[in-house]
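S.K.: Sequence:
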Amino acid sequence: MLNHVMIGSNDIEKTKNFYNSVLGVLGAGDPMEHVNETGQTRLFYIHDGSTFSISEPINGEPVSIANGSTIGFVCDSPEQVKEFHDTAVANGGISVEDPPGPREGTMGLMHLCYFLDPDGHKICGIHRPA
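Each number in my numbering comes from the position in the sequence shown (counting from 1) with 459 added on.
Some hints could be false.
What the hints assert, rightly or not - Cβ-Cβ distance ranges computed for the label pairs, FRET-style:
hint, residue 1, residue 2, range
1, D557, G498, 38 to 48 Å
2, G488, E563, 31 to 41 Å
3, G564, G519, 36 to 46 Å
4, V464, I553, 33 to 43 Å
5, N526, D557, 17 to 27 Å
6, F503, S536, 19 to 29 Å
7, E563, Q499, 35 to 45 Å
8, Q499, R562, 33 to 43 Å
9, G519, S554, 29 to 39 Å
10, N495, P521, 17 to 27 Å
11, V464, G498, 21 to 31 Å
12, N476, Q499, 30 to 40 Å
Claimed, not checked - Below are the DSS-like pairs computed for lysine-lysine, each with C-alpha atoms no more than 30 Å apart in a straight line:
hint, residue 1, residue 2
13, K473, K541
14, K581, K541
15, K581, K473
16, K541, K475
In short, the hints are calculated from the structure, not lab data. Treat the numbers as computed from the prediction; the structure is a model and nothing was measured. We put the CB at the ideal spot given by N, CA and C, even for glycine.
Hey, can you work out the whole structure from these sequences and the hints?
M.R.: Below is the structure:
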């Protein structure tokens with residue numbers, strides 16, 4: 460259903476270093492970088508049919524987070540959920556909500572983690588056992 464998700468960054472190099480480490484846990488390589496016609500740098504992480512993008516705001520205003528929004532990344536195992544979280548925290552992310560681990564929900568058992576990236580965007584790692 461989704462083609463891509465794009466978030467903003469106030470410090471594109473800091474955010475690039477953060478996501479290179481964090482998305483590397485999932486097997487994503489370095490992003491494709493592009494500077495648009497008005498001078499903003501954009502990063503495109505393309506992996507397993509999905510694109511996660513980061514951009515300096517085109518309107519020149521500071522980045523603001525979307526309260527109530529979460530971007531979820533699929534993890535291959537409960538161990539990868541924990542590694543995803545721990546790598547984020549080791550690279551400047553902030554752990555939020557409960558510690559990484561199993562949760563029982565309306566969709567059955569799943570393993571989750573949540574953290575905020577350097578710009579305050581809420582990120583989730585999720586593994587649903589088969």
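S.K.: Of the hints stated earlier, which fail here?
M.R.: Structure breaks hints 4 and 12.
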